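All chains, please: the whole structure from these sequences, using the hints.
Chains as they are written, first to last, in my numbering: chain H, 1 to 505; chain E, 506 to 1149.
Just so you know, not all the hints are guaranteed correct.
Said to hold, decoys possible - Not close to chain E: a few residues of chain H, all C-beta gaps over 10 Å, as computed:
| # | residue |
| --- | --- |
| 1 | 199 |
| 2 | 277 |
| 3 | 428 |
| 4 | 475 |
Said to hold, decoys possible - Cross-link-like lysine to aspartate or glutamate pairs, in silico, DMTMM-like; alpha carbons within 25 Å at most:
| # | chain 1 | residue 1 | chain 2 | residue 2 |
| --- | --- | --- | --- | --- |
| 5 | H | 451 | H | 472 |
| 6 | E | 787 | H | 363 |
| 7 | H | 274 | E | 601 |
| 8 | H | 274 | E | 564 |
| 9 | H | 266 | E | 1055 |
| 10 | H | 433 | H | 55 |
| 11 | H | 433 | E | 1055 |
Honestly, the hints are just simulated from the structure, not real lab data. Remember, predicted model here, so these are calculated numbers, not experimental data. Glycine included, each C-beta is placed from N, C-alpha and C at the ideal position.
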Amino acid sequence: MTDPVTAPMTAPAVGVKVRMYRQGLGDCFLLAFPSRPGQRPCYVLIDCGVLLGTEDAATKMKKVAASLRDATGGRIDVLVATHQHWDHLSGFQQAKEIFDQIEIGQVWVAWTEDPNDATANRLRARREGAVRALHAAAQGLRLGGDEDGAGNLEAVLGFFGELGADGRPSAIQQAMAYVLGRGNPPRYWHPGDRPELPGVDGVRVYVLGPPRDETLLRRSNPTSAGEVYEQRMALAPETSFFVAALAAAEAAKAGPALAPEEEELKKLSFPFDKTFRVPVETARQDSFYQESYFGVAGQPGEKDLAWRRIDTDWLGSAGQLGLQLDSDTNNTSLALAIELVGSGKVLLFAADAQVGNWLSWFDLQWPREGEPGNPVTVSDLLRRTVLYKVGHHASHNATLQARGLELMTDPELVAMIPVDEAMAHKPKGGNPKGWDMPFSPLLQRLQEKAKGRVLRADLGAPPQPASVGAAEWQGFEKKCAVTPDYVEITIAEPAPRVRRPHRKT
Amino acid sequence: MPDASPPRIQPPPKRRPPFRNLRVYAFDPSLNWQIDTAVINQMTLQVPWEDLTPGPVGEYLEVVDVDPASGCCYAPVDLEDRFLLAQGGLDPAEGDPQFHQQMVYAVAMTTIRNFERALGRRVLWSQAEEAQGYQFVRRLRIYPHAMREANAYYSPCKKALLFGYFPATAEGRNLPGGTVFTCLSHDVVAHETTHALLDGLHRRFVEPTNVDSLALHEGFADIVALFQHFSFPAALRDQIRKTRGDLAGQNLLGQLAQQFGEAIGQYGALRDALGEVDKVTKQWRPKEPKPADLAATREPHARGAILVAAVFDAFLSIYKSRIADLLRIATSGTGVLPQGDLHPDLVDRLAREASATAAHVLNMCIRALDYCPPVDVGFGDYLRALVTADRDLVPDDDRGYRIAIVEAFRRRGIYPQGVRSLSTDNLCWSGPLDADVNELRKLLPGVEDLRRLPPDWSVSSDRQKIQQNMETSARAVHDWLLSDNGRSMGRLVGLAIEPTAPFSIERSPKNGLPKFEVHSVRPARRQGPDGQTLSDLVIEVTQKRRGYLDAGFQQRVDTEPMDSPPPEDFWFRGGCTLLVDLESREVRYCIGKGIESPARLEAQRTFLGGPADGSLHATYFGDPRRQAPAEPFAMLHRPVEETP
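Structure (structure tokens):
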């Protein structure tokens, strides 16, 4: 159906070529590793999505998928789906038919997608319930006249794609289900794992996150001992808000009906016994509440009371909860470090990992070949990072500073940012300036650390900074290829050496 | 006529009781779950008597108990019910919404009373801004169960306090999943009421024009909540006994909102003036003040906490100096307390000193509000206001209270700008320069006029009338300033009212001159040198100017008159608080923030113009410094997320 748009992607003799597609605000990275002599390269695809609300999104993603098909000769050796956000997965739903034409070798996902992992299942169930409730809250805000608040919230909920009839995020589930279905079976990675790239020598992959520790996964909202109490159906801190939002939307016929377990939670969530609760309809007939709050419908005094009413103020926390949910989901990102053994160079693909995910890496270590007393640590990997895929479109909260970017001290560092600033800055909800991506202080620091070698999906080739000499810059430019559809960089390696001694940390 | 019953003997008329007794939790319900704190947690507040209708609804407050998240309302409590009158109101009970109504009323009224006592006049809520101008708001509204959220806030646009409730996490003493009511925490109620009281006095303090603006609101609200702890007699005696008089150690009095803090998964109180619980070891440790502390943070709560710590530190120094003699008497001159419990009489005396000291410090902190500039206030301004206010109340600082305050602030890096030394005299606000005194005297009308200006603010007067009279006085002051003499003196009071003023200041359609506002005209009491009570007149004038982040743009709008200037990036406000001696007509202090100050404009531009803080809110919903949220305190009070 789509004509071939690209020739096959080549791999360098030694090293790796990394292609970042330019479909918009979303991640899609294709990596080509050289395989054994005479064989086709090994292709690794990391995510394929674009933000909800992107113009002609399906067309764009079909074009990307067709390019992937042609560039890989119809076979992706490893398909990595980092986490359940639409801007990372939408292509697997929007361009499913094209992916059907592509042979998939292995599917790699984080342990948080594993249907046989109790913690993972609980996290996902909680997330789906939260998305459903927050959409209901957005409806409540809209009915209450707070169009800005509703719009702000819905823009953030856009990370979960379109909803199904039951109010749950169905499109993203379909996308992830499609990916998992191609896995026969998918590999669920845990932090500390060392997966092998099939048919590739001289490359090591380290799984950094997501952490198993739930307090780190939900770093800004630590809970412990949660499991025991959830079995007893006690309320988690946000649950009482969520059931109220759902109940209010149901009552206003603006949301889905409550599920039986939600009905249970609703009963638990009332702060007082039934004897104390006066239904609003009764209170409307009461003289105290008529005079102080409701007024009498149609009478002049009714309007004078309106400015002090608080009918929808309680929904105000939905925005913060939406941001929290977004962050929690980002924290389930499969974070990978890919090491080129010959040179010791490292590529860091941390998806959208947030504070808790990053911090958890520092507890990990891997035995170093031949040097049992000097294990590989994350500080060591960061120090050797030459390519950093900047997290979450370079927002402030997905790149750690002191325990992250500042540890990346390799003079060759290059940053790749899958961002579309114009799309990010489009007005969203009540926010005329849109989202603050890329975050300017982070961008500036990246420019400094990478000496101008910052490849952005929206801008393509970066300008030469005044402080960098022509020869050095040309050397960098030679490694890059920029087309309207993608930006590429080749991390070439010198001819394989016997062994490069590792510096001790 | 059917009326056949004989006339009854009429007793002499009864006097109204001075107080209404109402029972409350001293701190919050969580203290009731431990045997050692349960006994001190029940207390009876004496609230000034007023006639109440169900709600309760009185002169200052109206409690309206709707719970929109639960889709219901709760019946309003009738505190005039004879059963309730006979027993100090309802029993403290978490499960009865009517007790909640009683408690928010009692704690908020206690806070109001502390303000009225300190200021010597009645308090007014900030007026509602409506299309046709400002409207008098008689009662602050209180919604005890407004939302399902670990939050409570003052809504400046609704003139209401909204309290949330939420299920607790599994940390601390709370029942996991059990409901925590913020309206049952003395500290939360006092804190929110204070926000409303401060807004009533200084409407512009809500605007974040510098790094201290919101921090002062937060810190001040905590200070009031904290020092009210020392008016809880049983708790105070208990804590004095447990700490053996050393209030600098960990104790309940220095902690704020314990149940709230634990319920959101913190290991201790929400905030602690003295120390903190180590997240790892769970051990409490005192906080060491460092002059670099203040510069290290821009976050309003963290900065506010430094202000609280400074004031609490000053309190402790004063308390220690006041009990030194008692300790010597009790220990035959050694000052070293023996092992074991303190003598109950000594506990009582120490408690009395602590309580008197706390009342004095609280008084000082509240009175300082009359000595603050009307806009763009910083911690340094507040320190100067504190010292000046105290000098006006207690001319002779023989006990060194003011030195204690300055010392405690200095230890945390809080210095005012533009003073030559940190001696208390230097820190007091100064009057106008000699050359200006005569000018200003010309500006102010004859003594008789001046005396007519402050309306009767005594505690028996009608508050709406006060508001109306104040508006009349404000118009009179406005007219003087518009007179030929007045205009040329605008600069002395921080205004620009000549026709040549920057065009970024809007002109009045009536006279073509720059607009300005007389914000307040109110009396303040002080102590004369001979102990007599004197009255000052506090006049606040303010003006606003369009501010632009681009300095070149600013210059253009300043110099070129335009029919419709481009929309401003921010409002830049200036103005002045004048304290005028009603006897001598002399301007005693002139506490100004000049509208034409280039340095201040640049400072505000730097504050607002820098990159956003990168918080999730700023990333997705917009930078709150530039898009003022409808509910500034709602956002401020939500738990902050961790950023890299």
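Going down the list of hints, with the structure as the test:
no., hint, result
1, 199, "holds (37 Å)"
2, 277, "violated (4 Å)"
3, 428, "violated (8 Å)"
4, 475, "holds (32 Å)"
5, H:451 x H:472, "holds (10 Å)"
6, E:787 x H:363, "holds (22 Å)"
7, H:274 x E:601, "holds (11 Å)"
8, H:274 x E:564, "violated (32 Å)"
9, H:266 x E:1055, "violated (52 Å)"
10, H:433 x H:55, "holds (18 Å)"
11, H:433 x E:1055, "holds (18 Å)"
Consistency with the previously given hints fails for numbers 2, 3, 8 and 9, ordered from lowest to highest.
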